[in-house]
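Chemist: These are the residues of each chain, in order.
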Amino acid sequence: MTAVQGKSAPPRSAGMARGAAPIAAIVVAAAAALPLVLSSYQVGLATEVLIFGILAMSIDILGGFAGRTSLGHGAIFGVSTYVVVYATAQAGLPPAAAFAFGVLAATLIAAIFALLAVRTSGVYFLLLTLALGMIVWGICLRWTQVTGGENGMRGDVRPALLLTHSGFYWAVLAAATIVSYAMWRFVRSPFGLTLRGIRDSESRMRSLGYNVPLHLFIGFTVSGFFAGIAGALYAMFNNFVSPSTVALAQSVEGVLMMIAGGVGTLFGAFVGAAAIIALENLVSAYTERWQMVLGITFILIMVFAPEGMIGKLRVILAHKMR
Amino acid sequence: MSSFQLLNGLTFAALLFVVASGFTLIFGLLRIVNLAHGALYLFGGYVGYTIATQSGSFVLGGIGSMAAIAAIGFVLDQGLLRFVRGNELRQVLLTLGVAFVLKDLALVIWGGDSFTVPIPPMLRGGMRVFGVFYPTYRLFVLLTGLVVFAALWLLLNHTRLGALIRAGVDDAEMVEASGVNIRRVFLVTFLLGSALAGLGGLMGGAFLSLYPSADAEILVFSLAVVIIGGRGSLIGVGVGSLLVGFLNTLGQVMFPELAYFVIFGPMAVLLAFRPLGLFGRAT
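These protein sequence lines map, in sequence, to chains A and B.
Throughout the first sequence, residue numbering follows my numbering, covering 1 to 322 in sequence.
Throughout the second sequence, residue numbering follows my numbering, covering 323 to 605 in sequence.
Source of the hints: derived by calculation from the structure; they are not laboratory data.
Quick reminder that beta carbons are idealized off the backbone N, C-alpha and C, glycines included.
Take these hints with a grain of salt, some might be off.
Quick look at which bits of chain B chain A covers, simulated, 3 or more residues with Cβ under 8 Å [as the list claims (entries may be wrong)]:
1) 332-341
2) 409-420
Some chain B residues flagged as far from chain A (calculated, every beta-carbon gap over 12 Å) [stated by the list, open to error]:
3) L329
4) R353
5) I354
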């Protein structure tokens, strides 16, 4: 049923712990050095990659580890963005409090989504999360008094300390590092292993005495919490929110990044986010038809490389080695 | 609710039925959740609008939009979906990509303005029903919905093709093993479902008007209808359409800004008790 994730379960996860720490340190250090060599525009792009990487990772928790691909995470992400912008611009809260409220709101929405969605699997899960996400979009579009309708809302969300491009980039990098570590621990915890068990055989886990809906509910809510962090960071990045932040395209881009980076690889999300955002920028230099390119990319990946670019590379390399 | 609002709900349900029946036919038989269905609706509306304004004939617009959308459906099924057969999730995500392409293509061709398909002179104005003065065109939509329901019911229950489709919904492999070319049945169903989206686009385009986000709105309503009614059941689509149509009208009257939310509550309650929908069956 949920064959996108297919055979891409992380094969190296067992031996990863020992060698991982130095590699992670090198990657983070390299990422931290980026503002020294990039232009401020490129630093902005790199910030975006980190934020959407977190979103894609949160989708991967469900898609790659619980076998349930969500098309509603863009809405969860966007709710956090809306709440953060609203809290600072309209309610006058300090950024830190607004951030907390944003993440809390996203977690609550995720919990509501989860309550409904845990009973379904496969295509039905996809459909239901899609419908739920679009309801959020419809409300953001129509509830003009609060959300500003189609025009959206503007607010100076970013704290004064982080106004420079590089400063904000480093803050987001720090957040992304912590969040990535937290998610990595989460999927490797006994709880995460249970989720993987549910992905592989729901009925077996049930007969072993696991409370499958409860595990999925918690998994979904945690995933929504992380998507909320990404959304709150995005509010600070953009200082603006409009219905397109919660639109289906947002969820779809997140899923595409997750798939492009490799389902079930977790950190592949950053690679996927980088690829999609680079593509978006490349394309928008020549044409305004980003939506079409996004659609075509999606079709091409589904037809030729459903295991994602990293998975595809692995397959090609394996062929070459032989 | 006044009888005016009741009629609004009923006519909207009729439109939903036309669109969602195509969606559920494809979902039920081919196991394909065609997320491009909303985009097909919008595209059909635009094509119908262009033909109807150029030729001055509403009927020609209807035939044109159904033919054009069936042709797009043909390309979609034979050109793209064949590569991902048998993999539900890949199919869904692929149709999502197609939806984005179609939607953007419509924006390139017709721009971002909103259009209203011209209503033929004999359907303009209103008439008196149940003690209220009501637009004739919306009653025509209701009639069309009923005709489509009757036609689909006859097709499914009293023709050979219908028997094959019903058998295919239950067990496609068994049908194939008894010597039927199920691929062709699949294709015909896909074209029929697409044509219904095109017809819906033309009909909806005349009273809801056509604009760039109309595809997403109609898709959510169709999803709600299918989630409530259950996959591949004609009766389910009928009941689902009525429920969603009335709830939406009720929502618009009572909480205009949160109308979307009103279809969400009952859907949630229903899912808690029947995850496969009212008339859905596990396979």
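Chemist: Hint by hint, work out which the structure violates, then give me just those numbers in ascending order.
Modeler: 1, 4 and 5
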